[in-house]
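Asks: In case you want the letters, here they are:
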Amino acid sequence: MKNVYRILNVALLSGLILVMGCEKGLEDETFSVYDQNVLTKPEHAEQAVRGAYAALKDNGGFGYYAGHLYWLYEYPGEVVTTTGTARQGGQIDQLTYDASNSTFNGVWISIFKLISRTNEAEELISNVDYTGNSSTVALQNQNLGEVRFLRALAYYDATSLWGAVPLFIKSSSKFTESDENPPLTEQSVIEDAMITDLQFAEQHLPQSYAATEVARATSGAAKALLARLYLRRGEFAKAAEKSLEVMNKNYDLRTQAEGGIKSLFATNNRSDNEFIFVLKSSNEAGSYGINSNSFGINSVPWDFNRGWNNFPIHLQFYAQFAKEDARRELLTGIYKALYGTIVSVPKEFGGPGGKAPDTTAAKYVYNLKYPHVNNYNYAGFNNVVIIRYADVLLMRAEALNEVSGPNEESITLLNQVRTRSGLPALTLAAFTTKDKLRDEIFEERNKELFMEGRKRDDLFRWGRSASNGANPLLKFKEKIVPRLLSPSTYSDAVDYTKYPYPQNEIQSNTSLEANVNAGRVR
Amino acid sequence: MQKLKKPLILIALILGGIALLWQLDSVKDYVAPIQIGAIDLVHVPENRLRFKVNVKTNRNSDAYLKYWKRNSKDTLYSTVSKNTDSHTLWIVNTTGDTRYTFQVIASTGTKTVLSKKYPLETRSIYQATPYFTLEHMDSTFSKEMENKYFLTQILSEPGSAVIIDHKGEIVWYEPFKKGVKVSHWTPEKTVLCIVGAEKIPSSGGDEIIEMDLTGKVVTHLQVGKGDMDKLVHHEVRTDKDGNIYALTFDKKLFDLTSVGGVKQDTVKGDGIVIFSREGKKLWEWTMLDHLDPLSDPEIMKHKKDWVHANSVYREEDGNFLISYRDLNQIWKIDFKTGKVLWKLGEKGDFPLTEDQLFSAQHFAHTTVNNELMMLDNGIKNETTRALSFKLDTKNKTAQTVLDIKLPKEYYTTAKGNAQFINGDKVVFSLTDPRSFLITDLKGKILWKILIGGDPYRLEQTPGFTLNKPKF
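Chains as they are written, first to last, in this note's numbering: chain H, 1471 to 1992; chain L, 147 to 617.
Among the clues, some could well be false.
Pairwise CB distance ranges, derived in the manner of DEER restraints [stated by the list, open to error]:
hint	chain 1	residue 1	chain 2	residue 2	range
1	H	Thr1606	L	Ser404	47 to 53 Å
2	L	Arg269	H	Ser1642	26 to 32 Å
3	L	Gln606	H	Ser1678	51 to 57 Å
4	H	Lys1644	L	Asp175	36 to 42 Å
5	H	Ser1642	L	Arg245	30 to 36 Å
6	H	Thr1606	L	Gly609	31 to 37 Å
7	L	Glu462	H	Arg1520	51 to 57 Å
8	H	Asn1720	L	Gly372	30 to 36 Å
9	H	Thr1606	L	Trp429	25 to 31 Å
10	L	Gly372	H	Ser1874	53 to 59 Å
11	H	Thr1606	L	Asn465	35 to 41 Å
Residues from chain H shown here face chain L by an in silico Cβ test under 10 Å; the list is partial [as the list claims (entries may be wrong)]:
hint	residue
12	Asp1498
13	Phe1501
14	Ser1502
15	Gln1506
16	Thr1510
17	Gly1602
18	Asn1603
19	Ser1604
Taking lysine-lysine and the DSS-like style, the derived pairs with C-alpha atoms no more than 27 Å apart in a straight line are [what the hints assert, rightly or not]:
hint	chain 1	residue 1	chain 2	residue 2
20	H	Lys1511	L	Lys362
21	L	Lys335	H	Lys1511
22	L	Lys323	H	Lys1511
23	L	Lys263	L	Lys198
24	L	Lys323	L	Lys376
25	L	Lys493	L	Lys540
26	H	Lys1644	L	Lys202
27	H	Lys1511	L	Lys371
28	L	Lys345	H	Lys1511
Derived by calculation from the structure, the hints in this document are not laboratory data. Yeah, the Cβ is synthetic: ideal placement off N, Cα and C, and Gly gets one too.
Bound conformation, chain L alone (with noise of 0.2 Å):
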């Protein structure tokens, strides 16, 4: 027994040694050195423009992918998957009927393999996406716009979540049969949409989905189930804390006998929610509590839809903007207090020139500069511009900063947006001429896309292609 002690003892030595020495990635790589072993392509049915790449390693790696068109050199990446050696990947940037390699590249972090390249052929996509034709292009535009992608939805049925590259062609795509009434791009590389039948009207829908590029469903609200009680419309969006907030239609019972009511009659007005992820309802607001029906001389004619809110904007202080298209009139609302702060447009707080007067504007924003910024579609003189004023709320002033008129042709009587695009453009959504525009600040028309289908929005989506990994 003593005798057998001393070799057990070194035998447990060496093995604890080998043991040690294998925490150590070189003599890992040095035994075992990083493989890739099987690389599976796979289709996704429901997704022309999808593809789910499964990897296998032979040791617990980082892997990522990189493909490209045929005859080009701009290489897109993966996300990377981290730390398994059962990696799935996926390319989600494709155009369709277009030959793509290729290649998968894994590393331990001492050490990096990449594999041979492989042959990717996207077919044509044949869900119910509209054209986007790319119709004109400033020449001295074009490389500002390389690598520019843009999110848009289909509101009409069956719907769709689309992303277009710089020359309109479509590089993801989700098909819904419901119609898809307003998108946005989150920070978190997310689509967030509100989804709803065609018959819903003011954009409304009654569920707000918020799907990753992968084809994920991360979050899924439905009217009727959990907190979520009410059609929203027109707006979703994620603040700064990350939670969503949309328009809500609600309504309240108000005496309107004193103009032809009944004592108990129902006004159908607006208000804001808003959700966690998760879908609790966090906090809520109505306008009827705010605006008496009675103020409105034409309520009883207005009730079932009093006075369109279209728009939200949650600010940096945790405020909201909110614009109300039959007004004419965008609100400040206090959060905490749920109090109107100042109402800005026609009858408003701020004294405006006949120029500074908007109607039916949409899309309310603030701007970097920290402007207030609207695509006015103006019906009045039938002229749709993009405007924006610095406001100073302690005197009530307003001053236009920018004020961009479309030509007549682009007038667009209801929806559409106009935002700032690369610091010193504007990027406009325009439903009735069914276009996307780019201008300079002084209006000049830099790029044009033609749509074969009824948009709501267009926004750019920063981060959709991602940079190199660094390994």
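Chain H on its own, in the form it takes in the complex (with noise of 0.2 Å):
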């Protein structure tokens, strides 16, 4: 009996409770005020799309994609050097550069203000109801595959200049505390995510738009990117792989027949189906700043036609090239100066000479990938090359190589590269080793892709493959170092792979430790 009490007491407790929890479940009548998301419709969603790939080119026509990336992914190399009076720049050249360094706070901002755009476009894509408003899953799909392409793009650009970096791939709108001081995230990780976005897109994104839409992302881009990051991982297999997804679409190279090399890079030239993901450029008056990139300024000195000279190229590179190379036209090697003189690069380095008075030696050369029209033209006329199909042809040439050793497929895609730009063909019996045929693809990568912002991560990787992953700045050192104003300047103590990052972010993101620069920066 005394247990029937205890139980009912108990029971009558628990009843209690009970009503004492639906009490405190009730809550006070609030009233807010809001205005819906007017992003409903598919057209929003384009929109959003727009707004993304528009990310790809920052601060007027420098940053990201239309310049500055640029800097630190050339800068570096022994191929393209800055003025003495670029402070910014001059400090990545000659790697004397410290976290406070404008240009990395620039470049960082770019590439999160991106995903920021992919992750919100993301989030209203897929709140879109496409099929009821007469639209299709299908482009709904699309749709996602190309922000997710361009975060990936993105997320690739961050990993590949700081390695591990704050992951987002959600929408501000489920931002928790946290997220306000966003922790680094393990490269590999990011690479993970990478890989699910690009995967996503290489299913859903079409092989290819109307002419009027010709800068979107393909699924061939994709794939492409996705060779670029296995290769990056050192997955060569499935890099192979990727590789020659792409190359049977409908990608080939620009043939002798329509121009070669050099009318890849003529103005008129506008979209190229060598081309596989660009950032699209205007050539209209005032699409400086909205819609256009700055390298044909840039990339030229003022006596040429008053360029600001900011990617002059070491001569050591002019002559590298054999004489019937088309590719070395795309590279000053003889010009009128504005005021008449010509300059010519000196014979001791390939070029056709010449005397004094009539002729000066030039002291660089300066690249044409990027046009400059007119005097004072700020808007860049050419697309940016992001990813093209002769670096899909050697990225597969190049993890075959390193998959299984010198094979004759990996000599026939080097071959139709060289052989476009009139060079002789090569044969496999030239290279008894793995090595020799790994240097031969990175010199014939060299000279086919520079200014295309390729040179850092083929530098890292090139010394990776050939210490077996024990140092990817093997070749980095090697190729700079005799570059280098002052060759003490190279320290064994940082590791060049990873660049700082920037001053602002640590100051305002409390979960960055104050020593995270630490073995990045002299």
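Assembly of the complex is requested from the two constituent chains, each provided in isolation within its own frame, with the hints serving as guidance.
Replies: Below, the structure written as structure tokens:
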């Protein structure tokens, strides 16, 4: 009986708790007024997608893919350099940079701006009822594929430049307090997210677009970026496989009959099918700062046609080209300067040479991949190449060599690129080791892809492969020390594969420790 | 173990008892009385006169809104959201730039609670809607017009479907990029329209859109998608089975060599189509199967838009009335056989006096008194009138019932409609003079609205305002 009493008590008590629980569950009446999300239609999603593409360029015509990203990718290499007066760029070129270099902050912000736009767009697209608005799930998936491709591209850059970075794959509406000070996420985790994005993109993006929309991401672009990522990760078999998938699509090299490599970068060549993904630029007056890039005016010097001389190229690079190599024509071997003198590359660097007073010896050469049209025209005329077909061929050649050593297909791929520029074909017999063929491929990449943003990645990958993964800086050091004004600037204590996190980010993000840049700067 | 068995059974019994008691509303009401939690008023950006109110209640309940203009006693009600704790309620009947107050009422059936009163301020409409100006309201008539609402549409681009109150104030609208060629208020309280680019002639369109008052598209048929293979024009309505019918543009090849045409000459004519609400084509008819083009001596001139059908109306018996402007005729079509049962009008099957003849008529329909009524645009004598007949289809006699001739200034060459309202008045939409009128049966103008746009039709919208829900 006592027990029953006790049990009853317990039951009553729990009943009471139940009631109290309900009481507690009651909320007070509240009233709020909202403006509903205006972005509910497929056309709004389309605008969001376009907005995401637009973030590939930033800071007028200078930021991100319109300029500064290539400072970080090209300056540290042995090809492109800076003028002595360019302080921020000069630091990167001469490896004297620190975390306060404004280029780091600029590119960091641009990258996360693109990431943020893709995240917001992704949520918007997901929330739009496509089928209910006379559209299709296929278009919805295409739009999702486009922004996820762009997000993967942004993270490719972020991880190439810094390694571990904060990983955001959600829109701001889902932010929690901890997202205000995002911690760094391991590079491999970010890469897994990129692979997921790119696999979605390759599945859902179309193979091509109408002529008016050529700059949109295709499934080929997603595959090519995936190949680039696999290559960076040392997953060569996968890289070879992905490159091959791009090769059987609607891309090809611009043939000699079409004008070859030189015409690929001609100002009237706006949408060649060698371009897999580009930053689309407009040549229209007034497009500068809106839909353009600054490579044209920055690539050449003042006396060429009033350029700003921000990407001078070492004469030693010019010297590497065979005379018949059509790619050499994308460098200023000889030109008539504004004031009448002839500027010519000296004979010892393979140039035409010439004698004073008619001819001045060139100190540098300048790239003509982004031809500068008209004096004072800030608007870059050409699209900025992000991925092109020659790169894909060379990626597969490299990957196959890493997987199984010198092989006929790698040579064939290499030869496709070489013969297009008027060079003789190579034979497999000339390459007895994997190392030899690798060196040849990287030299070929260098000559094919200079000033296209591949330099830094390539040097690290070359070193990594050549040292069996032990020393990604092997080739970097070998190539760039001879070009430094003072070789002692190079420090073996610095991991040059990772740039310092921008000072602004360290100061505003409490998750970053003060010593986060240890080993990244001198 | 044995010792524990008893208490366990007891606990189970008690818990069972609690669970049983919980089934009783009175117990629930006592323990957790119905209470309103968060009320979120959502401004819908694409529409200035439409508001969503999300209401949370602590228990599943029914809920609705009541709302009223500040300093007014006329209370309006929303639809009822049933048996949920997360309600979405809509305010769909407001005028622009007006202050309202609203209140939430929630009920579990046994207990009802009211929220506090909250303000709602509407802003002025910015979309392309025309203005409607009440120019005249007969003092003896104003009382009768209270709580009357009308649906009309703007057929130019950008178009819109618009509901106005008896003062001509817009209380509901939906903008469209294309023109809204004609609209119809269905018994389900939805707005059904033909939508099409301005350049599609003859009140034609390539889309049929049905929308509920919250702006949700409930039916959307498009040419080239599903079963819709022809443009529609002039008329879209629902029949008593809830299917959608409309006029179509159709074409057929005829040998017109005898009148100077070619062996395979295309003649464009009109058809009727019935779609289910899901867009399945259920029935189709074309006049080109029933009228010989060679009967028209001027067929070469007319072959691109022969006879110009401008209204179709499905009667209780399932058969159709179709109005042909250029023939000055109304036909009755047998649904089962597709045969033309009779033709009324000029050179028709019914002998008509001079005064009974109509021309370029619109909106031929059957009234509740089973009379055939139309707007006779009257292009022969430039007088527009509402006209109705009592027909004896067996003996083919037509007796005029209604003949309300409008003053010359209301003459409209094309478009428009006339139909009964309140049983003993007639409402007119007159396109050329850009006017809506209500007259008594003698033609006295009781109500007049001027429109800053081109309307096609004006229809009353019964059931637009909701009665107070009963809890």
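Asks: Determine for every hint whether it applies to the structure shown.
Replies: Verification of the hints:
no., hint, verdict
1, H/Thr1606 to L/Ser404: 47 to 53 Å, "holds (50 Å)"
2, L/Arg269 to H/Ser1642: 26 to 32 Å, "holds (27 Å)"
3, L/Gln606 to H/Ser1678: 51 to 57 Å, "holds (54 Å)"
4, H/Lys1644 to L/Asp175: 36 to 42 Å, "holds (38 Å)"
5, H/Ser1642 to L/Arg245: 30 to 36 Å, "holds (34 Å)"
6, H/Thr1606 to L/Gly609: 31 to 37 Å, "holds (36 Å)"
7, L/Glu462 to H/Arg1520: 51 to 57 Å, "holds (54 Å)"
8, H/Asn1720 to L/Gly372: 30 to 36 Å, "holds (33 Å)"
9, H/Thr1606 to L/Trp429: 25 to 31 Å, "holds (29 Å)"
10, L/Gly372 to H/Ser1874: 53 to 59 Å, "holds (55 Å)"
11, H/Thr1606 to L/Asn465: 35 to 41 Å, "holds (40 Å)"
12, Asp1498, "holds (8 Å)"
13, Phe1501, "holds (5 Å)"
14, Ser1502, "holds (5 Å)"
15, Gln1506, "holds (5 Å)"
16, Thr1510, "holds (8 Å)"
17, Gly1602, "holds (7 Å)"
18, Asn1603, "holds (8 Å)"
19, Ser1604, "holds (7 Å)"
20, H/Lys1511 to L/Lys362, "holds (13 Å)"
21, L/Lys335 to H/Lys1511, "holds (25 Å)"
22, L/Lys323 to H/Lys1511, "holds (14 Å)"
23, L/Lys263 to L/Lys198, "holds (16 Å)"
24, L/Lys323 to L/Lys376, "holds (21 Å)"
25, L/Lys493 to L/Lys540, "holds (18 Å)"
26, H/Lys1644 to L/Lys202, "holds (22 Å)"
27, H/Lys1511 to L/Lys371, "holds (20 Å)"
28, L/Lys345 to H/Lys1511, "holds (25 Å)"
Checked against the numbered hints listed earlier, the structure breaks none of them; every hint is satisfied.
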